[in-house]
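**Student:** Residue numbers (the numbering used here), protein chains in the order written: chain A, 1 to 189; chain B, 1 to 153; chain C, 1 to 115; chain D, 1 to 509.
What the hints contain is simulated information worked out from the structure, not anything from laboratory work.
There's no promise every hint is true.
Claimed, not checked - Listed next, with one range per pair, are the computed distances between beta-carbon atoms:
id, chain 1, residue 1, chain 2, residue 2, range
1, A, F4, B, I24, 51 to 57 Å
2, A, K112, D, K24, 30 to 36 Å
3, B, M4, A, I3, 34 to 40 Å
4, B, L66, A, I3, 43 to 49 Å
5, A, V86, D, K325, 49 to 55 Å
6, D, T53, A, R178, 48 to 54 Å
7, A, F4, D, A208, 26 to 32 Å
8, A, N23, D, V43, 56 to 62 Å
9, D, A327, A, F94, 45 to 51 Å
In this text, a Cβ means the ideal position worked out from N, Cα and C, and glycines have one as well.
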Amino acid sequence: MTIFYVLLVFVIIAALVAVETKNLLSAVICIGAVGFGASLLFLFLRAPDIAITQIVVEVLGLVILIRATISRDKTFITGDREFFAVVVSVVIVFVILLAGVHVFQTLPDFGKPAFAVAAESDRLPAPASQKYIKDGLKDTGAANLVASVILDYRAYDTLGEATVLFTSIIGATVIMRRKSRKLLEEPEI
Amino acid sequence: MKGMTVIVKTISSWIKVLIFLFGIYIIFFGHLTPGGGFSGGVILASSYVLLMLAFGREFAQENLSLGVASKLDCVGALLFIAVALCGLLYGAAGFFLNFIYQKLEIGQEFNLVSAGTIPLSNIAIGLKVGASLFLIVLVLSMFRPEISAPEKE
Amino acid sequence: MPYALCFLLFMIGVYCAVVKKNMVKIVIGILIMEYAVNMFLIMLGYRAGGVAPVIGRNMNMPEFVNSSVDPLPQALVLTAIVISLGSLALIISICIRTYEKYGTFDITKIRRLKG
Amino acid sequence: MIKPLPYFVAIPLVAAFLLPIFGKKGKNAATVLANIATLALVVLAVVCIADGTPGVYKIGRWTIPFGINLVLDGLSSLMLLVISVVSAAAMFFSILYMEQYTAKSKYLSLFMLMVAGMNGVVLSGDIFNLFVFLEIASISSYALVGFGTEHEELEASFKYMVLGSIASAFVLFGVGLVYGNTGSLNMAYISEAIGKSGMNMGLSFAMALFVAGFGLKAALVPFHAWLPDAHPSAPAPISAMLSGVLIKALGVYAIARVLFNVFGVTISVGWLLVVLGILSMLTGAFLALRQWDFKRLLAYSSISQIGYVVLGLGLGGLILAQGGKPAWASLAILGGLFHLANHAVYKSLLFLTSGSVEMAAGTRQLKEMGGLAEKLPVTRATCTIASASIAGIPPFSGFWSKLVLVIASIQAGFYWVAAVIVFVSLLTLLMYLKVQRYAFLGELPEKMEQIKEHRGPMLVAMVVLACLCILMGLLLLDPLQSSVLDPAVKALTEGVSYSENVKSLASLM
């Protein structure tokens with residue numbers, strides 16, 4: 001359990017450094033550290049699928065992010081921020097944080113998944129995850145239950161997910177195109 | 001000379017095959033072991049990105065051009081939705097029905113050919129994700145800031 | 001406790017996205033928010049001493065049922081990761097184009113629109 | 001009978017995946033295909049409305065809550081109809097309008113993806129699925145706002161995308177909290193769990209996150225900063241889609257569904273919606289009055305008009321929660337939803353006319369225009385109809401929905417709300433008189449002597465929408481009201497019994 005907390009604190013510190021550093025390139029590297037820390041966390045939380053995906057996505061994401069920052073004239077942030085605005089927003093963030101911490105006491109304790117609590121409770125309807133674990137192999141024939149959820153039980157979500165990727169690729173090619181407007185000739189109707 | 005040094009080029013030309021095969025493995029065994037279409041697709045894309053970094057953009061583009069990549073992207077997405085629509089052959093309520101497993105009953109559990117439409121969807125997604133992520137890196141790297149000189153058109 | 005730390009990470013992201021004046025920093029803030037949400041979802045499904053939701057050939061099924069972590073949040077996070085990668089690609093391309101047009105990443109200097 | 005619900009998503013998706021393959025050469029074929037797809041959606045929506053019965057579609061034949069289900073009730077079918085009609089008109093308009101831009105087939109593909117996303121949001125019965133389709137619609141709209149890739153467009157797109165991504169992260173966090181507290185993602189099951197175990201702080205916080213997230217997408221007033229930049233920067237048909245339907249499908253619809261059907265309306269939630277609505281109405285109207293950019297004025301006016309819709313819904317919810325007469329609540333919600341449909345039609349028409357004016361005159365600044373009435377007769381006529389409609393002049397459509405809202409608030413005893421509605425209506429009249437005065441009347445500037453109206457599809461789209469503007473009042477007559485508006489109102493006034501309805505429907509299929 002200690003490893004878990006160490007990783008979590010590492011991720012938070014890396015995120016803080018990424019937020020506060022003046023050099024954009026080191027901010028991007030720090031966000032890479034956050035991603036890899038998150039990937040290790042996923043591995044620790046018994047989510048190997050997510051860990052693999054996170055790590056490969058992180059590599060590509062870093063390539064994309066570095067592409068944005070490198071070979072720019074100035075990668076250093078210049079100019080001061082208004083002190084007052086920063087203080088006000090820190091206070092707001094802190095207040096929301098304090099309010100939010102109480103919220104998490106309503107969740108089941110860490111280490112006890114929500115579906116297990118719901119399955120035991122008589123006030124909550126039967127959760128879907130219980131069936132996925134019990135009957136997933138029989139229902140879909142896939143030994144990897146995550147695959148059976150994303151590609152069979154909830155395949156419609158995955159269609160949406162593939163579409164999001166498709167959308168953003170089309171969007172990016174549209175944004176990056178050389179010429180956006182052309183002279184309009186008089187159309188013949 | 002485009003790209004990086006000879007050492008990097010030699011090593012990456014060996015490694016790229018391994019990465020590519022690993023991506024295909026991840027896609028094909030996505031329903032049995034951790035992994036699947038998305039992570040496999042990203043790995044496929046990164047083998048091309050490696051080529052691009054080591055040998056320069058032109059070399060990678062000779063292997064897989066922009067137009068082909070964007071067509072593969074569309075084809076992958078179409079394949080996925082085609083798998084979904086095939087379920088409709090088994091009645092109007094069959095959108096996304098895992099028809100191969102539930103109706104045709106092909107495949108033994110824990111085998112490569114099992115789980116019905118799941119491997120098919122994984123392949124379609126792998127194709128789509130690989131093509132589209134390669135495309136995005138290519139598009140971002142092809143971009144050069146505009147020159148103020150008037151264009152000849 | 002882990003949930004609260006996750007929420008702290010989320011609020012760091014919100015702070016970065018709202019306060020920072022540099023476009024890349026704002027993108028980084030959004031990324032941090034997305035990481036925090038992903039971790040939060042995965043934590044919800046974690047079972048102390050559990051096993052990954054992948055069935056092996058010789059696994060004892062009743063034992064597996066009682067010790068597997070929740071596969072549903074993992075499926076959600078897989079979707080969320082890919083969505084965040086897609087929006088990262090789009091927003092970075094917008095950033096690059098904006099840099100080309102204005103010559104800066106500073107949003108206080110990018111002010112054609114007002115009112 | 002099994003409803004053809006997946007086609008609402010599958011048709012635009014297949015079209016969107018096919019369109020980029022056409023590329024530059026097959027541009028005309030792509031345009032035809034896209035238009036066929038939008039028209040097919042109109043036909044499907046009309047069939048669903050005419051059929052009139054609610055339905056549930058279980059994807060992959062998994063019983064809920066194991067799989068995802070699509071739910072068609074009155075509210076969804078009203079939204080589907082509005083989305084498909086406006087998108088068909090905007091698509092028809094873009095046949096010619098988008099010729100001034102490059103990469104038309106990609107534009108068409110993004111357009112279809114946006115339609116697919118909205119249809120998916122409106123039909124979804126699963127809260128995570130709603131989030132996924134929300135992202136499809138949002139991401140395509142970010143790209144479409146920046147479609148021109150000039151200074152302003154990129155800036156607006158960046159701003160929109162940052163706020164939109166924050167909103168999405170809020171929504172996803174809310175989904176996580178709800179899942180942790182109830183163990184379900186299906187909206188019917190979440191609603192049942194909340195009904196049984198009651199609200200707690202986690203769920204209230206999730207509700208606040210949902211209101212903030214969807215409120216950002218709907219551009220309600222504290223969250224409206226992106227809209228006046230994003231909507232004018234997009235190409236005109238996209239502005240029409242964004243103002244006409246996107247903020248409603250992603251914002252208002254999602255808020256209404258989550259608050260009314262999943263969490264259940266309480267008095268405080270009702271007041272929250274009323275206050276947000278009135279704030280949006282007043283702020284939007286005052287800010288719109290000082291604009292000189294035609295499209296920017298329209299964008300601010302959208303904020304004000306979306307306030308009417310939220311006000312109507314909030315008033316209805318408030319009356320329901322206070323235990324007032326259900327008939328009053330129904331009337332208030334009816335006013336809100338009717339205004340939603342009306343606003344979709346006339347605001348998209350106004351954006352299309354602004355596109356037509358911009359294309360002909362080459363400017364959007366009202367001060368640089370003048371005397372366009374003789375040069376652009378059809379545009380002028382449709383713009384006048386839409387302006388009269390939005391300002392609430394009888395017998396045009398806007399008048400009827402505002403009348404219903406006023407009657408509902410007076411009946412329920414909220415006299416000051418009625419006064420605000422009338423006051424904002426006067427402000428709206430003022431701002432559209434300004435448009436008429438500066439754009440269409442007055443002196444024609446010398447450099448605009450040569451301009452002329454573009455003929456063909458653009459005019460057809462505008463005239464069709466203008467006819468709808470005049471005829472929308474008929475929706476209050478009986479056979480139409482009872483088949484289009486009443487089921488939508490019923491879907492909301494039923495509140496949390498949504499959960500039982502969905503379950504019983506699902507067991508039938």
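**Student:** Give me the numbers of the hints this structure contradicts, sorted from smallest to largest.
**Tutor:** 1 and 2
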